[in-house]
Every structure is written in structure tokens, then in C-alpha cells.
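Engineer: Model the full assembly from the supplied sequences, consistent with the hints where possible.
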Amino acid sequence: MSASDAALRPASPELACGSGEPVACAHCGLPVAPTEPRASGPRFCCSACGVAYSIIHEAGLGAYYLHRDAGQADGAAKTRATGRSYAEYDDPVFEASHVETTPDCARIELFLEGLHCTACVWLVERLDRVVPGVASARLDLGRAALDVRFDPGRVTPSAIARGLDGLGYPPHPSGSARRAGEAQGERKLWVRLGVAGALAGNVMLMALALYSGAASDPTYAALFRWGSFLLSSVSVFYCGSVFLRGAAAAVRTRTPHMDLPVSIGILTGFARSAWNTLSSRGEIYFDSISVLIFLLLVGRWLQLRHQRGAARALELIAALAPRAARRVEGDRLVEVPAESLATGDIVEVAADERIPVDGVIVAGRTSVDSSWLTGESMPEERAPGDRVYAGTHNTSHTIRLRVEVAGAETRLGRLMQSVEAAQSRRAPIVRLADRVAGRFVVAVLAASALTFAAWCFVDPSRALDNAVALLVVTCPCALGMATPLAVSAALRRAARAGVFFKGGEFLEALAHPGTIAFDKTGTLTEGRLALASFMGENSVVPLLRAAERRSPHPIGRALYAGLAAASELEADEVTELPGAGVVARVAGHEVRVGSAAHVLGGRKSALGFWQAELTRQVSLGRPAVACSVDGAVRAVASFDDPLRADAVGSLATLRSLGYRIALLSGDHELVVRSLEPELGELVTARGGMSPEDKLAWVEAARREGPVVMVGDGVNDAAAMSAADVAIAVHGGAEASLVAADAFTTEPGVSKVLEAVVGARRTLGVIRRGIGFSLAYNVVGVVLCMGGWISPLLAAVLMPLSSLTVVTQALRARTFDAPKPRKASP
Amino acid sequence: MTVLFVVFPLAVLLSGLAAAAFVWATGRGQFDDLDTPAVRLLCDDLAEKSPKTPAPRKEEEP
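Quick mapping for you: the protein sequence lines, in order, are chains A and B.
Using the working numbering, you'd call the opening residue of the first sequence number 6 and step up by one each time.
Using the working numbering, you'd call the opening residue of the second sequence number 304 and step up by one each time.
Check before you lean on any hint, since a few could be wrong.
Using 20 Å as the maximum straight-line C-alpha spacing, the simulated EDC-like pairs for lysine to aspartate or glutamate come out as follows [as the list claims (entries may be wrong)]:
1) A:193 / B:336
2) A:507 / A:439
3) A:193 / B:335
Residues on chain A that point at chain B, a partial pick, calculated with CB under 10 Å [unchecked claim]:
4) 188
5) 199
6) 204
7) 211
8) 214
9) 223
10) 225
11) 229
12) 232
13) 309
14) 310
It should be emphasised that the hints constitute simulated quantities derived from the structure, not laboratory data.
Ideal placement from N, C-alpha and C gives every residue a C-beta, glycine not left out.
Structural biologist: Following this line, the structure appears as C-alpha cells:
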């Protein structure tokens, strides 16, 4: 999956401009293959794009192409129509869980793939013109979610899905129930924020009146004091209840938390001001308190918003996992949701699809890639009677399975459950700001007690006022706001750089040097086979390429891609023998590629010295094939899963930053050893590890320091949920995304390096913010102890300190700025 | 200056109304999606400029 994405990515716009250059597809902008028949008018890279183009024009939506060209061409991966029937969308089980029906219309929420620009919004929201019966379609670009209202009597959900698919946005059902709760929580925070802002504005106006002279007349002074008392009590007990509850929890669980000093400041300030209002004398701090609550809520909201962004991206990726299966019913195939399958059902799985259930093969031989379930990089042959597992990849031939278990009871389902269980057991990370907050509370309480005691000797009438002023002024507004802001700015920059964090605390945890453990297959390596060595004459290369040109088998594909030939031959006849190899007739020769027994074709000729080469390659942990022409062995080729181009450099940089690097692989020890020449002494490498072994390794390593686990498959998920920070790399399985605290949108190790470097810079920004804030507080404490503070000075000093700290938090370049892009119009 | 005793509650009432309007709008989902409306606006603008947009579409057969 990752490989094809990467191949599609840079659809550079200039391809369309130059004369003599390859022509760009009229629909998706990718270069049109020169072999496609030349025709006048628009040209397409594939038939799906042609269909999408005509659908769009027939619906009178040709302006889409103008919008798209006017908008930025941001090189996002373009997706294409899949041509699926989406028949499972009409299944009653599916309808019950995903379609919301009201008397006059029905609603369905779908996640769309392939949204990349303004024009997509325009096109998708005109779905009613493409699919009759659709009443309206509203897109939420941030979530890539489309809310479709339709008339169930005129159109079925599957027709809507097919319509979207035809436009080039393959849809996936969303699990909307969980989202509703989140939206509710977000709206509550919005209301608090808005109300706190309104109250703060009004209280400040009254404070201004008091400062500018109204206080001299007792009648007006009472009016404004009582007014601001009433408004700020709403602010404290409704808007600020978030902080009060957080502080109560911090006291109950005895964990230091930023909410604690904030609440102490708010409550003492409010109590003292309320007392002074009732007794009509002394200072009031209502303005400082209500502005403080408003600013703190702003910080909290910003942080929530950016964390939601990562959660939404995750939601989308998780929805991409296949959930449909094709059930064999008599001589028909019916698409149904995988969870509605029952034991004994027969399902068909085509080549290059994921297997939806645990079951036994009843017809067909194929090779199955279980790399993300077990970590083994090499596909294995499977024949009727063999068991295959849900989530593994059927790479070469169509097979039929008898379902044993489906849904949560599969091996995959059980693994997911153990991942969720491990997640819930995890101890939360204590943030730096919270750790500081613990000591801060003690220091501030001590300072105010000292102030009170000292003033009792000097001037007992002012002792209480000065001690209270100290508690209000030192309320760590800057501290409470700077950290969320620095984190939220870093999360935003990280997301633009292609790294999504589920929460800010993982940034801090990632910044502390410790052990970084990498999975091998798919994380450090490409996750697919490539030609590693070829021994034989060049004259056989064109014959072999011809034999393997259309091979569905990973080894065949690797052999074809790995060999270069000056001239091309066409094979007359190709027969794939699953489990053995391929036989082809090319230019009058019989060409065989495969196992030793297969290439000899039953003839009694010896392998000779080729046997030694085969044995040598196998001892290196590489699968090897022999190639024969007319019964005589002419070449031996071996394959491996190569390291990613950026792996060695990135690992060296991480090591130089002080991290210990480990390699945990489910692959055979031999395969891991074969990487040693390239990785050298960079890593501690272990092979043959089961998911349980990885979990045990991570738990053992955690005793020595923080552990970061980077993986992409189900086999890593348990270890990831045990690690301090888990990172899933692009293309990772659903399970590893569930277990991950951060994930990258591009394959490769360099994104992990970026995440680590960015996290370290962010921690630096947080430390500076805390430093600034403490410096301001020292000034405040000195002023209060000396009795020089007034509510007016406090009202000026507090926003000022917040402003400086906030500016430095937002301006910091934590994650590198994104690559320059064409500005949108 | 006694007018303050009338104007002041009035001002508070007004801002209370504004806050109530905000709460109502939030409850109706006004602030749920802050990204798409900005983009949607660009689209409408472009649609008017587009010379290629054909005349009203013909009714499709169901």
C-alpha cells in the first residue's frame, strides 16, 4: 500500500505544460502512459479517470477542473475509483448501525479518501446532481467526513457510495456514535470560552470605571463592586469549574497538576474580593480573575483542537481497513460486512486483497503475506486445508475460504483486545509543567505565609491583604497557558510536517533520551521483496523478464523489477504453478523459474554448482529461486527486503542525539543478521521475536529508562502499548495505529527522526516559557512582600507576563516549516 | 449620574443576550467545523467566474 502511494505522489503540474512531454491525465493530472492509445480530446491515465471525467461533465460540473487548476496543486496522493459494488452498504446489519433514519429523510456519514483541495469540496457537495435521490451533502474537510442526507425511497446507500467512488473519492463508513460524544464535549468548552470572554470584558469595564474615579463615590463604587462580584462568580464557578475540578482531582489523587496552583490563586483572590465587597472596603481582584479564566480556557481550547486534528486523521486511517467480504451464495458473490459472516460461510478473496476472517482454504493455492501479523517478511504458500488469518494479505491467486470465526473472535480481534487492555493499564505521563506546579504550590504557599507573618510585625492591618495579593499575582497564568500553547503550536507544525501526535504529553516523553526500538519489516525496511543477487548470464535476462512480466507473485514481481534488459520479449504462454514456480514459453524456449525441483522439470539433470549458490543464499536468510532454459539451469536469483534509503542515516543521527537503538524483528535470525553489514554496530538486533517476546523485551528495557517503540504491524501493537511512547509509521496496520501515540503520514525512518528532533525543540520552548513565568513570579512575590502591589498593578502585570510567554511559545520553530507550496488564491 | 443605575443593568442584560446567542449558535453546531466554510467560500466565488459551466443540466432519468 505504501509503495503504491509513494509511486503516485509527485504528480507534478509541469508535466502538462512542456511540449513533447508526457500528457497529463485530464482527470487526475498524472502522466498518461505512452502506450495508451492516442486519441483526440482529453486523455486519461486509466479508464476509471475517464469514467469520472464523463460523470462530472454529464452532471454539468465541469467547473471542477477549473477550480482544481486554480487551487493549489499540493501533490497530495490522488486516489482513483475502485469500481466496487458497495453491496454491503445495503445489508440490514450495516444500515442499522450506520444509517440514521427520520420520517422524511435518511442520513449517513462517510469518510472519503482522496480529498485534497478546494475543488474537491465543491465537487463532493454537488453529489445531489450526480446521484438522484440525494438531498444534500456537506463535507467536513478537517475530518474528511461527508454528511449525506438522502431519500431512502429513491436511492440506496450503496448507490451513494458508488457515486462517490465514481467521482474518485472511495468512501468508508464512519463509526459516528463515538464522535457525537466528542462534539458535545467540544461544544461545552466553546460555550465556557465564549461566556468567560463576555464576562471578562464586562468585569474589565467595571474595573476601569473603578480605577478611573468611580470608587470615590461610595454609591457607585458599591454598584460596580457588586456588579463585578456577580459576574465574576459566574466566571469562577461555571467557566472556571474545569480548573476547580482538576484541582480537586489533583488533591484526591495526590498528583501535582497545573490546575492546583491556578485554582488556589483564583479561589483565594475571589474569596478575599468577595469578603471585601460584602464589607465594602479593601481591594478587589475580580478583573484579574475573570481575565485569567478566559485566557486559560483559550489555551485549553487551542490544545484540544490540535489534539482532535490528530485523532481525526487517525479515525480516517482506521476507517480504511477493509470491512467487507464477498460471500459465495450459490453461483453468486454478495458483498457483506465482515462482521455479519457466520461460521461455515464460504467467502472468496481475490489476489491482492486482505483476508477478512480466520478460516480454512477450500479452493485455490496462493501465497499469503502475514508480515503485519507475525513480522515475517517472506510470503508463505498456502493450499486447500491450510488455515489463514484475518488481516493477512492474499498476494497471488484468488482463493475461497470456509469461515471459522469472524469479527472480534479472530486472532486479529483478540490481539486488538489485548492491545486495548494494555492501553487502559498505562500510567499517564506527568508533564513537565505539572511537575513544576507541585513545587510551585509549596513555594507560593510558603512565600505567602512568610509575607503574612512578616507583616504581622510591621503592620497587622495589611498582613492579610498582602498575603492574598501574593497568591493572586503568582497565580501561574503564564505557566498554565504557555505550555498548552507551545504544545499546541508544536502539534500543528508537526501535523503539517507529516507527524501526528495524539497528545502533547508524548512530545515531552519523546524528548528524553532513552531506547528507541524499531520493528524491522515495513518500518526499517521497505516491507516488500526486491532482487538481492542475480548470478547468471545476461542472455537469459530478457527470457526471465518475459516469463515474469505479469506475475502476481511477489518473487516474480521482484525478479521482473530487479532485472534490466535492453530488449523486450513477449511470452507466448505462461503457467503459474502455485507453490512451485512459473513455466513460460518465450521465443521457442521453455523457461522455468522456481524451486530446484520445479526448474529441472522432472528431468534427471543435476544442479551442479548452482546448488552451492542456492545453499549460500538460503544460509543468508534470503529466499532464492533457480531459473532454467530448456531444462538446463542458467541462473540463480535471491531476494530480500531492503532497508529504506533513509534508515541508516536517520539511525546514526538518533544515536548521536543519545538514544540507544534496538531492532526487534519477527523475522528469522538469519534475515536480521544479513542486515548487520549495513547497520553495523548501530543497533542491538534481535530476530525471531513473537509479539509476546517483543512485549517482554520492552517491559524489561523500561526498567532502565524510557522506551520508544516504532512499528507498523499487529505484531508490534502489544509492545507499542507497553512502551512510553509508541510511533506507528505510515501504512501501518489498524492495530498499531490504535496502540500508537503518534503516527507519520509518510513511510520511512526520517519522519521518526523529525518527530524526535521536533519534540526536543518543543521541550526547550516549554522550559523557556516556564523560566519566563517563574521570573515574572519572582518579581510579583517581591512586590507583594514589600507591600507595593495594588490590584491595578496586578491587572497590568499578569496579562503582560502572559503575552511575552505566549509570544515566545508561538514563534518557536519546533518542527521544520513545511516545504514551500504554491499559495492558494 | 443616577442614570447609571438604569444603564448598567441594561448593559449587562445586552451582553447577556449576546452570550445567550453564542450559546444557542454553538448548540446548533455553528463552531463544529472551522475549516471547510473558509474553503467553501472560495468555491462559490470560482463557480461564478467559470466560463465553462454549462446551462442548467437536463433532468436525469432515475
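Engineer: Could you run down the list of hints and mark each one as holding or not?
Structural biologist: Structure-based check of each hint:
A C-alpha spacing of about 15 Å is found between residue 193 (chain A) and residue 336 (chain B), which places the hinted pair at or below 20 Å, so the restraint holds. A distance of roughly 19 Å separates the Cα atoms of residue 507 (chain A) and residue 439 (chain A); the hinted pair therefore holds under the 20 Å criterion. A distance of roughly 11 Å separates the Cα atoms of residue 193 (chain A) and residue 335 (chain B); the hinted pair therefore holds under the 20 Å criterion. Hint status for residue 188 (chain A): holds, given a least beta-carbon distance of 6 Å to chain B, under 10 Å.
Annotation: residue 199 (chain A) was flagged as interfacial toward chain B, and the flag holds, the nearest CB pair being 4 Å apart, inside 10 Å. For residue 204 (chain A), the interface hint holds, the least distance from its beta-carbon to any beta-carbon of chain B being 8 Å, beneath 10 Å. Annotation: interface hint on residue 211 (chain A) holds; nearest CB of chain B at approximately 8 Å, less than 10 Å. With 10 Å as the threshold, the beta carbon of residue 214 (chain A) comes within range of chain B, its nearest partner Cβ sitting at about 9 Å, so the hint holds.
Interface hint at residue 223 (chain A): violated, since its Cβ lies 13 Å from the closest Cβ of chain B, which is beyond the 10 Å cut-off. Look at residue 225 (chain A): its Cβ gets to within about 6 Å of chain B, closer than 10 Å, so that hint holds up. Satisfaction of the interface hint for residue 229 (chain A) is found here, the shortest Cβ-Cβ separation to chain B being roughly 8 Å, below the 10 Å cut-off. Interface restraint check: residue 232 (chain A) against chain B, minimum CB-CB distance 6 Å, threshold 10 Å, status holds.
Proximity of residue 309 (chain A) to chain B is violated relative to the hint, the smallest CB-CB distance being about 13 Å (cut-off 10 Å). Proximity of residue 310 (chain A) to chain B holds as hinted, the smallest CB-CB distance being about 8 Å (cut-off 10 Å).
In the structure shown, a violation is registered for the earlier hints numbered 9, 13, in ascending order.
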